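Engineer: Please take these sequences and the hints and turn them into a complete structure.
Mapped onto full-length UniProt numbering, the consecutive letters of the sequence shown carry residue numbers 1 to 276.
For the record, the hints were derived by calculation from the structure and aren't laboratory data.
Only a predicted model underlies this, so the values are computations on that prediction, with no experimental measurement involved.
Incorrect hints may have been included.
Unchecked claim - With a cut-off of at most 25 Å between alpha-carbon atoms, the simulated DSS-like pairs for lysine-lysine come out as follows:
no.: 1; residue 1: 117; residue 2: 16
no.: 2; residue 1: 16; residue 2: 161
no.: 3; residue 1: 16; residue 2: 153
no.: 4; residue 1: 217; residue 2: 117
no.: 5; residue 1: 16; residue 2: 217
no.: 6; residue 1: 260; residue 2: 16
no.: 7; residue 1: 260; residue 2: 117
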Amino acid sequence: MKNSEEFDDSFMDNEKVVLQSIAEDLRTCLPVEAMLPSESLAVEKAQQNCKPTVHVDAFLYDEEAVDLLCEEGKMSRDYCLLCGSHRTAPLGFISHSFSALELRFLFQNVLPDLSGKMLVDVGSRLGAVLYGGCLYSSAAQLVGVEISAEFAKLQRMVMEKYDFTDRIQVIHADICTQTSLLQNADVVVMNNVFEYFLESSEQMRAWHCISQNVRKKGALLVTVPSVQEALAALQGKNGVINIHEWLEELPLDYDVYLGKDTDPESFKQIHLYRVL
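Structural biologist: Here it is in structure tokens:
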């Protein structure tokens, strides 16, 4: 019964309802692709992928919402291999936010009890990690650092509407100016935070800042993609970061059931590290 779709359809936790309500609010404030005009570099990088790629924010649009947009002609899952023909192939989708299900996995299956702890979300964007942490964890403080004034404003709007201001704080700043915050963080989350938004030299500068300041012994770092993958294309530019002297990767159990939409493959993009 626990794993049946009938059970899933008849039961929806309050946290999921709140997250869906937040997503609906934010969808009215953003274009379908949830990208701002100032994010031209991210759009350009997505267009450079060998496979045509579009940004679909996983927090704002679950599979059912994407299907509805496709039915309405506002989005497509496919692109034409030869214009005018019936030869099509699936588009690549990229998200810079966790989905509601991934947030539940993160706080219930990846991270330990966060009572009394401070979590910092680097590049908090729409604030999904902050809202998920507020609903699914006992973290004492959830701090988002967001370089975009527009996104920081949207997060504050949600915080006030849903009475999250007692535990959530959003700082409009470059993460490299927040060294004290990083030094005191118990958990740092980084979800697709640099690759699409910064040039290589700036990415490396940001990684150096992270590696030099996230040094509290036992602190946890959550990343998408893995630190190894993120740094692979950057090493040799402005210095090398020795990951093995800084972090140890912790094994995760991705084979968990969180409802009929559970997708272990999406969970596998999430990596957890402990500061040595």
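Engineer: Going back to the hint list, which numbers does this structure go against?
Structural biologist: 5, 7
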